[in-house]
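Visitor: Chain by chain, the residues:
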Amino acid sequence: MSQSATQTPLLSPQLLAQLERMELVTRKVFRGRIKGERRSRRKGQSVEFADFRSYVPGDDLRFLDWNLYARLDKLFLKLFLEEEDLHFYALIDASTSMDFGEPTKLHYAKQMAAALGFIGLCRADRVRVESLGSSRQHAGPVLRGRQSLWRMLAWLDALPPGENVPLVEGVKNFCLRNSGKGILVLISDLMDKQGYESALRYLLAQQLDVYVVHVLAAEELDPELIGDLKLVDCEDSDVAEITVSRPLMERYRRTVASFIEGAREFCTRRGMNYLMTNTQRPVDELVLNYLRRRGLVR
Amino acid sequence: MNFLPVEFFSGFWANAAAWAAVAAVIPAIILLYFLKLKRHPVEVPSTYLWTRTIEDLHVNSIWQRLRQNLLLFLQILLVLLVLWALLRPGWRGSRSLGQRYIVLMDVSASMNATDESPSRLEAARARAEEVIDGMGSGDVAMILSFSDTARVEQSFTENRTMLRNRLRQIGPTSRATDMTEALRAAAGLANPGSTSQDEQDVQVAEPLPATVFILSDGGFPPVSDFALGNLTPQYIPVGSAAPDNVGIVAFTTRRNIERPGQAQAFARLANYGVDSVTVDVELLVNGESRDVQRVEVPAGEQVSVDFDLSDIDAGERTALELVLDRDDALALDNVAYAALNLPRPARVLLVTPSNNALKAALGTEEAIKLANTTVVEPALLQTQRYQADAAAGVYDLIIYDRCLPPTMPQANTLFIGVVPLLDTWSAGPPQGPPVITDIDQVYPLMQLLDLRDVNIIEAVPLHGGVDPQNGQSRERPPGGSVLIDSDIGPLMIVAPREGFEDAVLGFELFGTNADGQTVRNTDWHLRRSFPVFVLNVVSYLGGGRAAVEGVSVRPGDSIALRSTLPVEKVVVEDPEGNRVEVAREAQNTFVYTRTDRPGIYRVYEVAGDEPSQLFAVNLFDSEESNLVPRGEVQLGYSTIEAASDWQPARTEAWKWLLLLGVGVMMIEWYIYHRRVYL
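First to last, the protein sequences are chains A and B.
If you use my numbering, the first sequence corresponds to residues 14 to 311, in order.
If you use my numbering, the second sequence corresponds to residues 47 to 724, in order.
FYI, nobody ran anything at the bench for these hints, they're computed from the structure.
We put the CB at the ideal spot given by N, CA and C, even for glycine.
There could be a bad hint or two in this list.
Said to hold, decoys possible - Restraint-style ranges between C-beta atoms, simulated for each label pair:
id: 1; chain 1: B; residue 1: Ala74; chain 2: A; residue 2: Ile273; range: 57 to 67 Å
id: 2; chain 1: B; residue 1: Trp715; chain 2: A; residue 2: Arg214; range: 48 to 58 Å
id: 3; chain 1: A; residue 1: Leu29; chain 2: B; residue 2: Trp715; range: 32 to 42 Å
id: 4; chain 1: A; residue 1: Ile273; chain 2: B; residue 2: Ala70; range: 35 to 45 Å
id: 5; chain 1: A; residue 1: Arg277; chain 2: B; residue 2: Phe119; range: 36 to 46 Å
id: 6; chain 1: A; residue 1: Glu263; chain 2: B; residue 2: Tyr79; range: 56 to 66 Å
id: 7; chain 1: A; residue 1: Ala152; chain 2: B; residue 2: Tyr79; range: 52 to 62 Å
id: 8; chain 1: A; residue 1: Asp249; chain 2: B; residue 2: Phe119; range: 31 to 41 Å
id: 9; chain 1: B; residue 1: Leu117; chain 2: A; residue 2: Glu263; range: 11 to 21 Å
id: 10; chain 1: B; residue 1: Leu117; chain 2: A; residue 2: Arg277; range: 19 to 29 Å
id: 11; chain 1: B; residue 1: Trp715; chain 2: A; residue 2: Glu263; range: 18 to 28 Å
id: 12; chain 1: A; residue 1: Ala152; chain 2: B; residue 2: Phe119; range: 55 to 65 Å
Whenever a hint applies, use it, and build me the whole structure from the sequences.
Guide: Here it is, written out as C-alpha cells:
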C-alpha cells in the first residue's frame, strides 16, 4: 500500500534503543533448534549447574564429578543447563479491512511485529514474521541476529494490504508451514464473518504460547456516521443499510463491546493471551508498558 | 325558513375536494419519505459488526423506519398544525351562521380622557378591533359612533378590512353623550316595525337579531322608552376604575343684582377623583390674566367660585376664559368660556288703533331691555315706507292689533283679534263667552302663564282654512300648534310661515261697540299673566336679548344667531380662526351648527375686525366630567351589567398553532443539522 510509505517509519531510533534492552519471555520453555541464549529444559553444555545424577554406562566421562567420587566413592554425573534459542512468530492479518484507520491497522500491526521481532533478533532468537496470506513459496524469511533487522523491515514494508484470506485458512496454512514451538503473536482485527474461534483453535493445537493482539481502529470503536447510509464491506462488498440514530449507535457500541469481550473470554479460557488495542495507542507505549506487564517482554 | 340543511350540504360537497386534498397530504409526506430513502454508500472495514448490530433490529422494516424517523414525525406534526390552523379553530363552542354584530363606539368628550393610555377612545378602538377579529366567516358587523348624536361609520358588512379602516377613522369629539339615537339606529334592522296595518301586507321585514357591543364609559343618562327587542347588548366599560379629574361644570355671567350695570362670573368646579385636590382657577379676560383663585375641591364634591367683573364695562364685548391649572385625565373640562355681548334689543312694531294695555306691557323695564318698540297707527300699513321695511325684514316682530297688513311681512307676527289673509288661516263665527280649557305651557310663548282667571266676552274659534287638495276644512294651519284651547275651539294658534311664525289670538283685548266707544273684551290685561305673555312674545317672537348674559351652547348644538343689522349673511369665526358664512334663515336667524369645538366664537355682520357678537361653546356636562366607568347602563327597561370578564366573541387559535408549527419546524431544522437524536 502506498500509504504505508508515507506513514511513519515502522520503528523509530528511540524505540529501537529501548527495545534493545528487552527480551521476549515465554511461560513455557521450548526446545530450540540451535544453541541460543535461553535456558532449556534440556541439560547440556553450559556454565550453569543444574543437577547431579548417577552414572550409567555410556555417559560421557567428561561430565563425571571426580571430587564427589573421591569423597563418596560413587560415580555421579554433573548436569549443566542447556541454553537454546526461542522461536518467535509474528502473524499479521493483511486483509483489506486492516487497511483502515489512521494510522491503518495494518501499519500498526507491522510496527508491532517489527518491534517484537527486533527484540527477538537482539536476543538471538529465531524470528519469523508472516502474514495470513503467505504461501509456502512466499513465506516470510526466518531471521536471526540483529543484523537481520533490515530484512525484516523490508519484508514488512513490502507486505501489501488486500490479502483477503479467511482467518481460519490463513492460520491453518501457518500451522502447516511452522511446526515448531515458540511464541506466536497474531495481530488481527478478528473481523471474519466465519468467526475467529476455529482459527484460534488451530493455534492451540500447536502448543504455541499464543498472544492475540486485537487491533481495532478508532473509526470502528466509535464510528462517526450520520444519516441514511449504505455500508459496503470493503472485502466482500456486503451491504448493510442503516439509518444512524442514537439508539442504533448505542446498540453498535454494545455489539463492539460484546465482540471484544467474547474474544477476550475465548482466549483467556484457552490459555491464550488476549490484548485489545486501538490504533490510537502508540506502539512503543504498548510494547514498553503494556506487553511488559502482560509478561510477553521483559 | 330554515336554510341550514341546504347550506350544510352544499358546503359539505363544496368542501369535499378540499377535504380530500387535506387527507392526501400526510400519506404524500410518508410516500415522499420512502422515495427519499436514497442511501449514501460508505465503505467500512467490515459490515461484520454492523450486521450483528442490526440483524435483530430490522431497521429497514417500514414501521421500524417510521418509528426511528423523528424528522418525519416532526414534519407530519408541522403539517397537522398548519392544517389545524387553516381550519381556524377557536373556542367558545358552537355558533350559528351569519351572526350580526353592532359596535357602538362612544366618541363623546369623556372618551378623550387619558386615564387609559393613550386615550379611552384608543382603548375602545382596540376592544372593537378584537370584536372584529373575532368575527367568523359569514358574520357581519356594523360600526356606529355616538356622542349626543349617532353616526353610522360603516353599515353592515362582512369585509373586516373595511371595518378596521372605518374604525381607525373614528375620531373623538367634545360632545355630550346620548345613546338614544345610536340605539335606535342599531335597532333599525333588529326590530323592524313588526305590526302591519294591512293584513295582506306580507312585506314585513324579518327581524335580524344582533349583538350590540357598547364600548363606552357609561357616562350617559339612562335611555328611556326603548325596548331592546332582538338586540343582545354587551356593555364593555372603558376606562380605569378611579380616574383623576377635576372639571368646570358651569361658568356663567350674571348681572350684579346689587349693582346694575356690573357683572359677576360664577363657576362651579367638581372633583370626580378620589382625593381632595387644591387647584388654581385663573380667569382670563380677552386673553389676559385677570384673577387667580386657589380653591380646594373635596373628593366627589362641587365647589362654587365667583369672580367680580365690576371693572369690566358691560357695554363691551368681552371674551372670558376660565382655566383650571391642573393636569388631569380629561383636559377638555379644564377650560370654560363665556362671552359678554352688547345688548341687542328686538325691533318690534306695534300697529294698533289704540291699546294702552299693550303699550304699557311693552313699556315695562324688562320689555324695554328686550325690545325697541315702535307704535304706529293702522293707516301706516298702506304707506310705501312701511311696506319696504316689512319686506326688507327690518322688524323682528310686528304686532297687528285689530288691523291687517296688505301682504305678510318678512317678520314674525302676532295678530290680535284678526286672522291673517292667508288660505291657511280661517275663523269661525264669533261666540262667547268661551271658557279656556287648556293652554300649551311647554311652548315658549305660553311659559309661566296661568289663564284660569281670565274671562273673555267674545272670541272666534281659529281654524286652518280649506285644504286645496281634498277640499276639506283643516282644524288648524299646517304645522300649527294650538296654544290656547277653549270649549268653542282654539283661541290661539301659532303656525310657521316661510321660516317665520305667525301667532294669532282669536279674541280682541279691546273692542269697539256700536257707538264707536272702546270697550273691554277681556280682563286679561288686568291679570299678572298679561305682561308675562307680552314678555314671552317679545323674547320668543322678537328674539330680544338682554345685555351681559353670556350665551353658551354645548358642543354639537346648533345656535340661532340674530343680527343687529338687517343683513343677508353673517360670518362666524370659530376658536381656530376658521370662518364660515351663514345665510339668513327663518325668523331672521342665522343658524350655526359647527359648534364642535369648545371656545369663543365670533360673529361678524359686516366686513371688519370688530365682531358684532360673541358666543361660547362649553362642555358643561357632569356626566362627561365624571370619568368613573359606570358599572351598569340603563337601556330602556333593561339594566346592562358591565361585562366583568370581557372576552371577544371568538378567540382565535390559529395564530398560536402557526407559531407552534414554526417552533416545530425550527426543532426539525435543528435536529436535521445538528443530528441531535432525542
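Visitor: Could you run down the list of hints and mark each one as holding or not?
Guide: Hints, verified against the model:
Taken as a hint, the range 57 to 67 Å is violated for the pair Ala74/B and Ile273/A, whose Cβ atoms sit roughly 46 Å apart. In this structure the hint that Trp715/B and Arg214/A lie 48 to 58 Å apart at CB holds, the actual value being about 54 Å. Look at Leu29/A against Trp715/B: about 55 Å separates their beta carbons, and that is not inside 32 to 42 Å. Our hint of 35 to 45 Å for Ile273/A and Ala70/B is violated, since their Cβ atoms are close to 51 Å apart.
In this structure, Arg277/A and Phe119/B meet the distance hint of 36 to 46 Å, their C-beta atoms being roughly 41 Å apart. Glu263/A and Tyr79/B have their C-beta atoms about 24 Å apart, which leaves the hinted 56 to 66 Å range violated. Between Ala152/A and Tyr79/B the Cβ separation comes to about 55 Å, which falls inside the hinted range of 52 to 62 Å. A C-beta distance of roughly 36 Å is found between Asp249/A and Phe119/B, which places it inside the suggested range of 31 to 41 Å.
As the Cβ distance of Leu117/B to Glu263/A is approximately 19 Å, the hint placing it in 11 to 21 Å holds. At roughly 39 Å, the beta-carbon separation of Leu117/B and Arg277/A lies outside the given 19 to 29 Å, and the hint is violated. In this structure the supplied range 18 to 28 Å holds for Trp715/B paired with Glu263/A, their Cβ-Cβ distance being about 25 Å. Look at Ala152/A against Phe119/B: about 59 Å separates their beta carbons, and that is inside 55 to 65 Å.
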